[in-house]
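Based on the provided sequences and hints, a complete structural model is requested.
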Amino acid sequence: MRKLIASTFVSLDGVMQAPGGPEEDRTGGFAFGGWTFNHWDEDMGRSMNGFDGKDRELLLGRRTYEIFEAYWPYQPADSPIAQTLNAAKKHVASRTLKQLHWKHSTLLQGDVVAAVAALKAEAGLDLQIIGSGNLIQTLRAASLIDEYNVWTFPVVLGRGKRLFEAGAKAGGLRLVASQASATGVVMSTYVPAGDVPLGSFAQFEPSAKELERRAKLAREAG
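Numbering of the sequence shown is given in my numbering, commencing with residue -6 and proceeding in unit increments.
Keep in mind that the hints were calculated from the coordinates and are not lab data. All of these numbers come straight from a predicted model, not from anything done at the bench. Honestly, I wouldn't trust all of these hints.
27 Å max Cα-Cα, derived DSSO-like pairs, lysine-lysine [said to hold, decoys possible]:
1. LYS(-4) - LYS154
2. LYS113 - LYS91
3. LYS113 - LYS47
4. LYS154 - LYS202
5. LYS162 - LYS113
6. LYS113 - LYS82
7. LYS113 - LYS(-4)
8. LYS96 - LYS82
9. LYS(-4) - LYS162
10. LYS91 - LYS154
11. LYS47 - LYS82
12. LYS91 - LYS162
13. LYS96 - LYS(-4)
14. LYS(-4) - LYS82
15. LYS96 - LYS113
Shown next as C-alpha cells:
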C-alpha cells in the first residue's frame, strides 16, 4: 500500500490560507496573502522535495487545483518545480468541476474517501496532498493520512482558513524530522500516533481549594 502525505505551510496560529500571494485566496476578506514570501531562503529551497511532488502523485482539492492550474503551466519551461508539477499525475477531488485542463489531471469519482482508499491500495508512487485544507480534514477523519509535512512560519495572522479547524478529529502525532531555516521557518514531519496521550501533574489528593475551583468551573459550564 502506498503512503499518503499531507504537505502544507502554516502560520504560528495554524492559518494555511493564501501563503503564496495576495490574490491567491481572498475568501472571507483575508488580507494577508503572500505571508510566506519574505521568509524564503536557500535552506527552504533545498528542502522543497517535500512540497514539489517529485516522485509522487498529487492529490488536490478543487481550490488548490484551480490555483495551481492557473499558475504552474505558465511558468518558465526551465523552472524545476514547474517541470515537476506539470509532469506529475494529479488526482482532483471536486463535486463541481466537470473538466480538467491541466495535463495529467483526473477527477476522482464517487465518494472521496473510498476513491482515495482505492488509490492507496494500488501499486505506484506515494500520494501527496499540497494545501487543500478541506480535503486534509476529510481524509484525516477517515485515518487515511500517513504523514504530515508541515512548515511553520513565524507569523501570527489571527484569521483565515486553518490546517486544523475547530472540531477536527483529535489524535496524537509523533515528530520524526525537524529543521529550522535561518529565517525562523520550522520544517517538521509528523506521523499519526494514535489517541491523544493524557496524564496529570497532580500527584496528591486535591486540596479543598482545588475542589472548590472544580465545582466553580462545573457551575460556569452550566
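Discussion item. Hints numbered earlier in the text: which of these fail when held up against the supplied structure?
Written reply: Hints 4, 12 are the ones this structure does not satisfy, whereas the remaining hints hold.
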